[in-house]
Amino acid sequence: MATPEGQIETAFFDGQSARRWAARIAPSQDGLSLIIEREGAARLVWSLDRLRALADQSDKTRLTLTQLAETEDEAPRDPARLIVTDPDAIAWFLRTRPGLMRRDVRPGTARKVALWLGAAVGAVLLMLFVILPGLANFLADNLSVESEVAFGKSVMAQVEWMVSDDDGTDLACTNPEGTAALDRLEARLVGGRDLGYDLELRVFDHEMVNAFAAPGGQIVIFRGLIDEADSADEVAAVLGHEIGHVVARDPTRLTLRAAGSAGILSLVLGDVSGGTIVAAAGDHLLQSAYTRDAEALADAYAYSLLNDAGISTAPMAAFFDRISAMTDFLPEYLSSHPLSAGRADAARANAAAHTATTPVLTDADWQALRKICDD
Amino acid sequence: MTYSDRLNARYTGERGPLFGLAFKAALLTVITLGIYRFWAKTRIRKYIWSSVRLGNDTLEYTGTGLEKFLGFLVAVVVLAVYLGLVQLILFYFGLHFVFEPQTEAEMLMQVGVIYASFFALVPLMLFARYRARRYMLARTRWRGIRFGMDKAAWGYVWRAIGHGILTALTLGILLPRQTFWLEKYKTDRSYYGDQRFEQGGKWTRLYGAMKHFFIGFGVSAAIIIAGATVGVLGGGTPYETGTVVGFVGMGIFYLWMLFGYVYYRVHSFRYLTANKSLVGAVSFVAEPRTGRVIGVYLLGYLAVAALALAIFGMTVGITSATMGAFLGGGAAPGPVGFVIVAMLYLGALALIGALGLVFITQPIIAHFVETLTVLNPAALDTVRQRAHDVGADAEGFADALDIGAAI
Chain Z
1 MATPEGQIET AFFDGQSARR WAARIAPSQD GLSLIIEREG AARLVWSLDR
51 LRALADQSDK TRLTLTQLAE TEDEAPRDPA RLIVTDPDAI AWFLRTRPGL
101 MRRDVRPGTA RKVALWLGAA VGAVLLMLFV ILPGLANFLA DNLSVESEVA
151 FGKSVMAQVE WMVSDDDGTD LACTNPEGTA ALDRLEARLV GGRDLGYDLE
201 LRVFDHEMVN AFAAPGGQIV IFRGLIDEAD SADEVAAVLG HEIGHVVARD
251 PTRLTLRAAG SAGILSLVLG DVSGGTIVAA AGDHLLQSAY TRDAEALADA
301 YAYSLLNDAG ISTAPMAAFF DRISAMTDFL PEYLSSHPLS AGRADAARAN
351 AAAHTATTPV LTDADWQALR KICDD
Chain W
1001 MTYSDRLNAR YTGERGPLFG LAFKAALLTV ITLGIYRFWA KTRIRKYIWS
1051 SVRLGNDTLE YTGTGLEKFL GFLVAVVVLA VYLGLVQLIL FYFGLHFVFE
1101 PQTEAEMLMQ VGVIYASFFA LVPLMLFARY RARRYMLART RWRGIRFGMD
1151 KAAWGYVWRA IGHGILTALT LGILLPRQTF WLEKYKTDRS YYGDQRFEQG
1201 GKWTRLYGAM KHFFIGFGVS AAIIIAGATV GVLGGGTPYE TGTVVGFVGM
1251 GIFYLWMLFG YVYYRVHSFR YLTANKSLVG AVSFVAEPRT GRVIGVYLLG
1301 YLAVAALALA IFGMTVGITS ATMGAFLGGG AAPGPVGFVI VAMLYLGALA
1351 LIGALGLVFI TQPIIAHFVE TLTVLNPAAL DTVRQRAHDV GADAEGFADA
1401 LDIGAAI
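For the record, the sequence lines run as chains Z and W. Counting in this note's numbering, the first sequence runs from 1 upward without gaps. Counting in this note's numbering, the second sequence runs from 1001 upward without gaps.
Any given hint might turn out to be false.
Computed list of lysine to aspartate or glutamate pairs in EDC-like fashion (alpha-carbon distance at most 16 Å, straight line) [to be verified]:
1. Z:Lys371 <-> Z:Asp88
2. W:Lys1041 <-> Z:Glu160
3. W:Lys1024 <-> Z:Asp194
4. W:Lys1276 <-> W:Glu1198
5. Z:Lys371 <-> Z:Asp205
6. Z:Lys60 <-> W:Asp1057
7. Z:Lys60 <-> W:Glu1014
8. Z:Lys60 <-> Z:Asp88
With the C-beta cut set under 10 Å, the calculated list includes, among others, these residues of chain W facing chain Z [as the list claims (entries may be wrong)]:
9. Asn1056
10. Arg1146
11. Ser1277
12. Val1383
Just so you know, these hints were derived from the structure itself, not from any lab. What you are looking at is a predicted structure, and each value in this text was computed from that prediction instead of being measured. Glycine is no exception: its CB is placed at the ideal position from the N, C-alpha and C atoms.
The following block holds chain W by itself, in its conformation from the complex:
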């Protein structure tokens, strides 16, 4: 492998055109009572995919709004029946385990039993997540060649549940194991053309990315213990000291955990990407930075929040003016009034959604793309086309269950 032989990835999308596209699409979505959202998502993806450039060639998104709409309808038929029946029946059987609670803990447990039916959704959500990734890969092309993924969603579902339970039981200690094996499961079933991706590496190597969880825990525990000791020795009542120290300690703990989470996501992505390969010869380098990701989120949220505040201020103004006119006229606001107000709010939300895409989602994607390098791309010339994947529900389950990503 020669290191001069590399393709740098670039992101060429801009704020203005994407905002125009997203806002127009969101308005159409509101006007069509949500039906246009499948076309909206498709058009935004086409824009973003076409902005990702590897060497001289861009990605292409070939999905269609129509197939997404059809897939959604299929999912609704299945889910309406499943959700309605399963939830109601599980709830009914939950009722038979109900007894009179004596303590608050017992009561909370009962609430848990009664709402256990919602866990019936978890396998479906995992299923939908895998299928959504498969659909997105199947509709992505580079140099005219399709990406793709095996049909193996149920295998993913039970693995994800197993790993999830293990991680929860070990209080998160086995998170790297979960991250690694699930990513390996998906990567080893992904293709570019006729060539399979492979996830190498070891799950224990992800503990480096976990370090801020441990540091944050240690530091805040130390602060609480040290603060409590000093406070009590210094003559403060244990209650006062406990409150102040506990407050400071927990504040630091939460902030550090938040930072640690982003750090983990970024650095596990680095490690996992650096250990992926294609055709046994093409490999990758990913160097996204935690600081940059946090910076984008902070600035993005600030910008969107400021603009959203202004937009909602205006909406509320218009709303109260409209309602005032109705009240002044002495008539109750009829259905028309409600529809106008609802439309205004949905329009404002559409605007905020478009802003979020422009100020948060796109910069994050841009950063991850710009820090990606493909090594030894010459080997890609031998890749042959793969067969078309019908994609079955075209992400319909993910759309219906609301687990679609930002785009």
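The shape of chain Z in the complex, shown without the other chains:
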């Protein structure tokens, strides 16, 4: 190609019609441009400096050339295409034209990207941390108690359906003496307070060491928690905590917030490989941050119930000490609850300040409660 006799046969598309032109190319005398000649059309002169090739092409035996040009296209490229298949010519272009594969970007692009990046990040943060929490709180506070209770029952029905055995047996424990003991525990704990909800307290026959509150006063304690507890006071502490959630309408609030934020994170991370995992992890982190504060408030509510009822929080401290080995394997920023160790310290401090206490249940009642799932 560097030799004068070397006119190279190529194919040419003018970018105006789909016609395939046969074209001969050669460098100009001054070596600064490429002359493209066709039968029946004016010859074209492309500056070698502005010459560009298509990248990531599968066929290495052909080189598709175009030139840098200010057009309205997605990239600043001339719509014309020159197809070179001569191996020596391809090698010559690749060797002598270092700018061949350059990606040219229009001026002002960086500003445009920064602008939209800022807008996107801003919109997502605003939604996740300001608008959704605010709206969820507003809606949760304005939902009528009747709707909330009905919603809670619907949630409970789903939970029962999910955790029930394959043969669909009822999980709720109904031993009469145990139920009576549980009622006495609730009465002692709540005293004459008006909670705004009729509490509906149930024990499920499942080994999970857990308890939860559904919207509208529905509280479930799993048998595993009663098995794990050393005294009725520990169960009372957990119950007080869950009542705190009910009164603060936390379950409703969190469900509403989750309904809004669920889609947003997976939206941002998209279908990048494993994006769903990352999105789930991000969602967990976000929910954890929301709920840690709510948990601390529910703890405080539990203290006020226990103190008013004259129940010691020392057993609560002991309970947190025992379960800290199970729960504190995650650092606090990854966890939905405050660390159990810290909660034990707080419970101990509270117990030291309130010493005039009696056990929440008689020993006989506590034994009955432990057998609530026995038929």
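Knowing the structure of chain Z, use the given hints to seat chain W on it.
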């Protein structure tokens, strides 16, 4: 039309180079926390498009990663607001329809009401699908001439919803009607240069492609009825007989439906392609084969699954070694440990994604390309260039809603 005058399509892409490109791009995607994925997709498309050869000329993909990234950002701004507000508010109003469920059916219905808000996404997804096709056509060139598509996404959305409801109500009997009219809507708005494509044919002709749905249904129903009769007459208890026959019958039913689905996709594609035309003179023949498509999927999944198992085995090994080191040192794995493990898993997933592209997506594309013929291509010489389409969101909505195709 002379039948000697035809262009055969060929696919020239290879496994090695595509795998190298896809794996490199996927790693960059992981390292950049997903941002590179727009450039990754663009580069892979450039490779695949350039491997499709009609006669002597290849397709060209002219999209850029940058415009895809920008389009995605635009979509995020719109969708963050839409998704957040609409979902939450629909959910809230759903709450007012909640009552205490008495039966399991009522309970399921309630779950349906509560999650109805997710249906708010359906119109957006259809919108995104049309826009994605328009963007891909607008960024495809052959012989330097742009393909293109009209801006008519909302018309597509309500048609697709209507057809979808009709198909669901008729238990799938009207599927050919849906397939045909939606494809016609899109085809009649597609262009090569200044020339419009046209979808001819009749929707009732697609029932031939449906035949395996009907045969599969008939055969498995016959097996269940015959088996039950023979079993009960032969002295088996109705319960035992019912279980065995039901199991066999349902197994055959599912497998046949799966086969029937692929058969339908392949044969409806054949019919629809054979009835498309351009400039009123250029037409097409498509002859993909169901057996080949199923074969590619089966072998591809086997190969990817085997390799994935090996890769994940190694990842788990490295992970437990890393965690073991932390535990041995007595310290909880800090954020750094989590990041390393997460990176390992994402890297493994990237590798598997690249394998899927090489062993499944590319062979399928290759098969559909290799079995395509363009008739009377001489008429293409008169096609003139069409104007540039800015493409607005450059598929951003499809990317954000995760409905992008494999490539």
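task: If any of the earlier hints don't hold here, list their numbers in rising order.
output: 1, 2, 3 and 11
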